[in-house]
Amino acid sequence: MSCHGPASTPVHGRCGSATLAPLSAPLRVLLVGGPNVGKSTLFNALTGARQHTTNAPGTTVELATGTWRTGGQRTADPATERVIVDLPGSYSLLARSSDEQVTADAVRELAGSIVDVGGQPGVVVVVLDATALTRSLYLLAQVAETGVPLVVALTMVDLASKATDSPTSPMEPGALAAALATSLGVPVLPVNTRNRGAGGLRLADAVDAIAEHPMRVTGIDPPAPVPDLVQELAHAETLFAWVEHVVEQVTSCLRPEPGSATGVISGRRLRRTFSDRVDTVLLNPWAGVPAFLAVVWLLFELTSRFAAPLQAFIGHLVNGPLASALTWALGLVGLADSWVQGLLVDGLLVGVGTVLTFLPVMAVMFAALGLLEDSGYLARAAFVADRAMRSLGLDGRALLPLIVGFGCNLPALAATRTLPHARQRLLTGLLIPLTSCSARLTVYVLLAGTFFPQHAGTVIFGMYLASVMLVFGGGLLLRRTAFRDVHAEPLILVLPPYQRPHLRTLGMSVRLRVGAFVTGAGKIIVGTMLVVWVLMALPVAGQHAVGHVPVADSLYGRAASGIAPVLAPAGFGNDHASAALITGFVAKEVVVGSFAQSYAVAKPGDAARPGSLGEQLRASFDESSGGHGGAAALAFMVFVLAYTPCVAALAEQRHLFGWRPMVSALGAQLAGAWLLAALVFQVGSRL
Amino acid sequence: MTLPESPLGAELRVIGVRLPAADAFRLNEMGIRPGTLAHVTQHAAFGGRVISVAGSRYALDGGTAALIDVEPVQRLG
Amino acid sequence: MSAWAVVLDDVTARGGTPAQVATRLGLPIPLVQAVLDHAERLGVVAVAGRGCGSGCPTGPELPATCAGCPLSLP
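Chains as they are written, first to last, in this note's numbering: chain A, 1 to 687; chain B, 1 to 77; chain C, 1 to 74.
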């Protein structure tokens, strides 16, 4: 076929002209196609390990570039090398995202450069998905309009011929490619990326041939410049007329695309899909809730199985090798044992370490939520939980953040963004701190194990029960008072069909959300822990150098002693408890460590308290409660349950809702926790 | 009759939506408006319903479903 | 009239999902989807419910139907 066809508009191509680029310049090949058409698989098959990733200039979009080598040593053909670029998947050259813009720009740039005398030779390989022909042809038309030399690679051919929802008999893969080639007027190569060999060679031949003698796609003319919408619309009309025409030509001899079996979808007969069958179980009035609870249980299992060990590992890493390394480095510059070391190692490093230990939990939570979301189950979960939430004036959507809160309050607060109305978000955000997060569990384990060794499990379960009651109680209270205006919206959800989650998208979204946490709440946590360190380092009594102060003599210790009497009605008015609660304000994970620290660094002159941490705890609690150590311990646990979860949560609340709600919440949390703890102790000590 | 009163698997035509304007608009956008044909695909707890409209599935809570009036579609033969 | 014109006319007058439009007009769904996608890129129609299932839309201006979705993140 000659390049100068009957429709003799200017040809964009180097039809055997004299402007051949020097032979040494490798041919430039651009790989264009939609997302999920098998483009990257093809790219990998053609380049093997000879590829690397770069950024498209001026963007953050990543491109894979590689060398496509054929022929040479073991074959009869001369060795040929081409530079091939895997452009981002695009549905259209009318770009809607930065990825698509990169693709559109690259294609147009190639088109432009070919017109130039001495421009780089190049070919575009347009990847057509045989199972999504219409969409692929639409993109092909746009690429063809730019005038670049092109070749078509046809993927998913085996899937197209295996589709079972059509009355026509299966077609031989080659026949579809032939039909397309006839209709389009350019080479169409079926590519089975599973076996590299033959398909890749034929494609290479076609690409090399087209580089020498570009062909026009039948029926596509380069469009006139389209400065305004009217012309765009007219252009779109011709574009789709062409697509329809080609599909018709090709469809007459092959299995139709899904959804077009008879040309019309029949709304008459309902076809029960796989998703419908699954929903019969998952949305069933009786099975739905247990299924939902099972999913929630799985969520927690994941956290404890993956996140907890990671957290412990990171903690050890930071407090062990990293701390030692930093100390050693400081020693090299003569700062060992100075307050600088204290600031950096015990303040900054510990703060950063704490933030890092949050990362596994956040990542697991976000990944689990993302999986639920992507698979389609999340919508079902919201639907199942809906009724329970209506009593609180919320709807099913609010249950997920609350449940996440039992893992960690931070991602739970972030998850309130999924609620459509500000008042709902605020109400849920105020209830989330009442969910007992996994950090609080560490405190329960210590105290329940120490004071109720035979019934530790039951006591801990009781704390979780108390948490749920607090959430509902608090919710109802708020609904009757400050939140009378919140009413449950109608729940109208689209239930997408269940699908296998896209792991790459999931990975990216987890990375984004965790990153947002680190830059947001992370800074607050580190800052606050630095402040705590400073308070612990400043002496207010005795002759101590800054940074080498026993806790009791520091500003911090004084503060703790000052607060202790306030806690007396709750039975734990001792310095150790108040100090632990102050550190617990920063992060609950620190409470246990604080106890250990404060008992270990008791002033030398004190009547030395012998024994393990447990014994010391019992001793001090018994003392401050007048012999009712158990009740005091319960009261302490209730206080830990109900007061501010951590500074990070406060920071997130401020971030989401503003200063006033955060401050009011803070006040309510402290007052409420105190009241509850006092109540528990007063009643408990009389039983 | 209202949507929750329809049996499972029934084919219906929507004849009225008695929701506030904003919610009715949202339903409208999804294609659920007077004249729409739908199938009841799931009966959930507390009156919640899942309907199929032109291949897509929509879940509605019991309160909302009760405000949607429907009539069964008669099919000949 | 071509598919482009017919689909645009119908969706402008009555709205609905691509599947509903396809049913009404007796056209293959993929074609209707391709037309609507192009129209959306030109800014001629607003397609709500885009991206449900994976990669929900983000940003300050969420499509109206995302408000009903438990998965939308601003």
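Among the clues, some could well be false.
As the list claims (entries may be wrong) - Label-pair distances were calculated between CB atoms; the ranges are: (1) B/GLU5 - A/VAL281: 20 to 28 Å; (2) B/ILE15 - A/PRO661: 50 to 58 Å; (3) A/VAL683 - B/GLU5: 46 to 54 Å; (4) B/ILE15 - A/PRO290: 32 to 40 Å; (5) A/VAL281 - B/ASN28: 29 to 37 Å; (6) A/LEU465 - B/PRO72: 28 to 36 Å; (7) A/LEU317 - B/ASN28: 51 to 59 Å.
Bear in mind the hints are in silico, worked out from the structure with no lab data behind them. Ideal Cβ positions, reconstructed from N, Cα and C, are used throughout, including at glycine.
Which of the listed hints are broken here?
-> 2 and 6
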